[in-house]
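S.K.: All chains, please: the whole structure from these sequences, using the hints.
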Amino acid sequence: MWRHRVDYLFISPFFILFLIFGLYPLLFGIQLSFSRWQPGKDMVFIGLDNYKTLLLTDPELKQALLNTIVMLLWILPTGLGGALVLAVMLNARKLVGRSFFRTLFFLPFVTSQVIVSFVFQSLLDKDYGWVNLLMGLVGIPPIPWLTQTFWAQISITLLLHWMGMGTNILIFLGALQAIDRELYEAAEIDGATATQQFFNVTFPMIRPVMLFMIITATIGLMNLYAPVVLLTNGGPGGTTLTLFMRMIQLMTSIRYGEGAGFGFIIGGIILLITLVQMKFLSSWWTVEGKLKQ
Amino acid sequence: MIHKSFNRRKFLKAAFLGTAATALAACAPQTVTVEVTRQVEKQVEVTKEVVKEVEKNVEVTKEVIKEVAVTAVPVELKGELTVWGHADHPLDNAGQAFMAKNPGVKFTFVGEDGWDKKVEAALAAGSGLPDMVWYEADATQVAARRGILLDVTEMVKKHESELVPSKLAEARYQGKYYGMPGDITPNNYWYRTDITEKAGAKDINPDIKYDEFLQLSKDVKAKTGASMYVMNSNFTGQGILPFLVPHYSLGGNVSDESGENIVIDNEIGQQAMNYAKQAWDLKAGLDADWFSPPYWGAIKEGKLGGTWSPPWMRGFFETEVTSPERGQGKWRNMLVPAYPGGKARCNVWGGATLCGFKTVKDPALVMAYMEYTFASIEGATVTGNWGIIPPYLPWLKGYFKLTKASLFEPTWDWTGQIVKALDQMRTDFYRLPAYGVMMGSLDKFGLPMLKGEKPIKDGMQEWGDYIRAENKKLLEAIK
Numbered sequence: 001m002w003r004h005r006v007d008y009l010f011i012s013p014f015f016i017l018f019l020i021f022g023l024y025p026l027l028f029g030i031q032l033s034f035s036r037w038q039p040g041k042d043m044v045f046i047g048l049d050n051y052k053t054l055l056l057t058d059p060e061l062k063q064a065l066l067n068t069i070v071m072l073l074w075i076l077p078t079g080l081g082g083a084l085v086l087a088v089m090l091n092a093r094k095l096v097g098r099s100f101f102r103t104l105f106f107l108p109f110v111t112s113q114v115i116v117s118f119v120f121q122s123l124l125d126k127d128y129g130w131v132n133l134l135m136g137l138v139g140i141p142p143i144p145w146l147t148q149t150f151w152a153q154i155s156i157t158l159l160l161h162w163m164g165m166g167t168n169i170l171i172f173l174g175a176l177q178a179i180d181r182e183l184y185e186a187a188e189i190d191g192a193t194a195t196q197q198f199f200n201v202t203f204p205m206i207r208p209v210m211l212f213m214i215i216t217a218t219i220g221l222m223n224l225y226a227p228v229v230l231l232t233n234g235g236p237g238g239t240t241l242t243l244f245m246r247m248i249q250l251m252t253s254i255r256y257g258e259g260a261g262f263g264f265i266i267g268g269i270i271l272l273i274t275l276v277q278m279k280f281l282s283s284w285w286t287v288e289g290k291l292k293q
Numbered sequence: 001m002i003h004k005s006f007n008r009r010k011f012l013k014a015a016f017l018g019t020a021a022t023a024l025a026a027c028a029p030q031t032v033t034v035e036v037t038r039q040v041e042k043q044v045e046v047t048k049e050v051v052k053e054v055e056k057n058v059e060v061t062k063e064v065i066k067e068v069a070v071t072a073v074p075v076e077l078k079g080e081l082t083v084w085g086h087a088d089h090p091l092d093n094a095g096q097a098f099m100a101k102n103p104g105v106k107f108t109f110v111g112e113d114g115w116d117k118k119v120e121a122a123l124a125a126g127s128g129l130p131d132m133v134w135y136e137a138d139a140t141q142v143a144a145r146r147g148i149l150l151d152v153t154e155m156v157k158k159h160e161s162e163l164v165p166s167k168l169a170e171a172r173y174q175g176k177y178y179g180m181p182g183d184i185t186p187n188n189y190w191y192r193t194d195i196t197e198k199a200g201a202k203d204i205n206p207d208i209k210y211d212e213f214l215q216l217s218k219d220v221k222a223k224t225g226a227s228m229y230v231m232n233s234n235f236t237g238q239g240i241l242p243f244l245v246p247h248y249s250l251g252g253n254v255s256d257e258s259g260e261n262i263v264i265d266n267e268i269g270q271q272a273m274n275y276a277k278q279a280w281d282l283k284a285g286l287d288a289d290w291f292s293p294p295y296w297g298a299i300k301e302g303k304l305g306g307t308w309s310p311p312w313m314r315g316f317f318e319t320e321v322t323s324p325e326r327g328q329g330k331w332r333n334m335l336v337p338a339y340p341g342g343k344a345r346c347n348v349w350g351g352a353t354l355c356g357f358k359t360v361k362d363p364a365l366v367m368a369y370m371e372y373t374f375a376s377i378e379g380a381t382v383t384g385n386w387g388i389i390p391p392y393l394p395w396l397k398g399y400f401k402l403t404k405a406s407l408f409e410p411t412w413d414w415t416g417q418i419v420k421a422l423d424q425m426r427t428d429f430y431r432l433p434a435y436g437v438m439m440g441s442l443d444k445f446g447l448p449m450l451k452g453e454k455p456i457k458d459g460m461q462e463w464g465d466y467i468r469a470e471n472k473k474l475l476e477a478i479k
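So the protein sequences, as listed, match chains Y and U.
Just so you know, our numbering puts 78 at position 78 of the first sequence, and the rest follows in order with no gaps.
Just so you know, our numbering puts 151 at position 151 of the second sequence, and the rest follows in order with no gaps.
If you're looking for bench data, these hints aren't it; they were derived computationally from the structure.
Any given hint could turn out to be false.
[Said to hold, decoys possible] Lysine-lysine pairs mimicking DSS-like chemistry, simulated, CA-CA at most 25 Å apart:
id, chain 1, residue 1, chain 2, residue 2
1, Y, 41, U, 473
2, Y, 126, U, 223
3, U, 451, U, 277
4, U, 218, U, 277
5, Y, 41, U, 479
6, U, 472, Y, 62
7, U, 300, Y, 126
8, Y, 41, U, 361
9, U, 218, Y, 126
10, U, 358, Y, 41
11, U, 303, U, 198
12, U, 454, Y, 62
13, U, 479, Y, 52
14, U, 283, U, 202
15, U, 361, U, 157
16, U, 277, Y, 126
17, U, 420, U, 202
18, U, 451, Y, 126
19, Y, 126, U, 221
20, Y, 62, U, 473
21, Y, 126, U, 303
22, U, 176, Y, 41
23, U, 118, Y, 41
24, U, 451, Y, 62
Keep in mind it's a predicted model, so treat the numbers as computed, not measured.
M.R.: Here is the structure:
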């Protein structure tokens, strides 16, 4: 070890930062989830009480979990599906202004979430928003975008798609461009139509990327916070309250032990969902399965 | 200086009105009816009363100045003070004035959202706390129970008789004071006369009953398209006042004085929710989230003709309502409409307390600033000019009348209306930790009742049970 001391010195910044900002908070969080504590006071070990309180008596956990899963079911397929369709279109060799469209789709990603949310709030206001005003011109009655549960979820979905679509398109585009063109030429010689080429060449080749996107998007959506807070603040009546928002609520109510426990419950739920996804989509890790047939 | 100009201007105005009224009476043609003459005489009487009132007011302020001059202690203060609170703050204004008076003091105000989270981080770190923060009523009570606040009992006791009693209670825990009573926020009903005039009657009857008020709101909405109250679909922000106002007025509470027994679901709570539902069902309220762009847009475009409002909203309104086209100088305020069986024609919403931390380096300096800000004519004038209502009675009875407000009609005695509301404030209203739980869950439990998805009795019971459970957990956590 002494022989490699200089090597260790060079890699030490990462480990020092990891210990301070990664491992220490994690261990502190675990300890906190089994304790009652408030800043400036001693920590009191209370065993599983926080977890019992959360799982048995917290009325918001069930609601937040349900809301989050409903939003996940809305957002995940429409977001990834839409991004894939747009990426395939942008990948078309004959498309004029491909770089322009790529930049255009990526632009929302570099815009502040706060500003975007405020703009959406103004656009989607029931009485004064431009969306309803424009729809009114063609005789469509005003939609309560932010004040009725169903429409509030649609609004959140629209906002997230608007903000996240560009990144998803770029990743899919990278995967599409990595596919060997000879595969398409061979398919064409075999007489495959464009649709058949998509399902028998394109999709099998990008499945690992798709799986990666599903897992990371699921994790991201389970931790959904800022856009929802800014757009609906969990309303109307808590029907868009997410898991992460509830955790923050507990923390800001000085119920730190419960908040930490809630964080680990969210972690457990994400782990469970990820394992299920990996179990059912395990064949997607490789591109070989489909091509071998 | 200000005092002299006030006296002269007011006196001249009163004299002019009196002379004009008398001249009018004298020049009246012979066909003028006796009724008109009576009205003119009555006006002259009123003018005389105003003059008397102004003179009395001048005497009070003179007394106060004399008193301040006698009690002022010429001690040179030195040191540094840091205060955290929201941006654009009256405490910053007071700090600048305090520094000007005490050149040896360096005052820093940090105004940003999320300062309360920074307090928690500093508490955890064991350093970095400011000297003072601007805690809401329930947060003051939580912090006092946590034992993190500076005991300022001795200083507050000195001024106890000069401070508004209901506000004193909010800073008190187990007989000790843990903060300087700040903004007392006796809420009024505000309305725009140009909008009510369009609907057929400029003035609102000062003794208007709630059902009459609802009818008026309906009429104004039908005739002008403007709303006479805010009631947003999310039941948040200012939209919750249709519940909070009758709840306060009828004598309701979230918890009893101990903070442990939840009473929100009693008959008073149910009745208050019933009144809120009446306003909801009328569909005449402004449906815009508080402080959102559509909310300010509606105010500037004259879509809001009235609202229950705390005095501190004036500071925010005057930033936005900057021209007569936007309603500047067209508002009036009055006692809130009367609810059958109601005790108080006002309510309390917001209004914070100035708290110091027990870790402060120089408690004497902290208390000197607190005293200056809310227990001196100078400090109360500075903070009062911003828009909040300091609890210092000598200021409220004297200099408050001099506070300018561009929002209200120039001749309207808006401070008098606030003083009237002040007299209605309850001393049996408690904003303890449970109050924060109630405020955080009002939309979730209130909406199903307003929408008629749940009977009010059942909904209130369910809400009460929720607050009971959450309050218990909160009190346990901060033990």
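S.K.: Which earlier hints turn out false for this structure, listed by number in ascending order?
M.R.: Every hint satisfied by this model.
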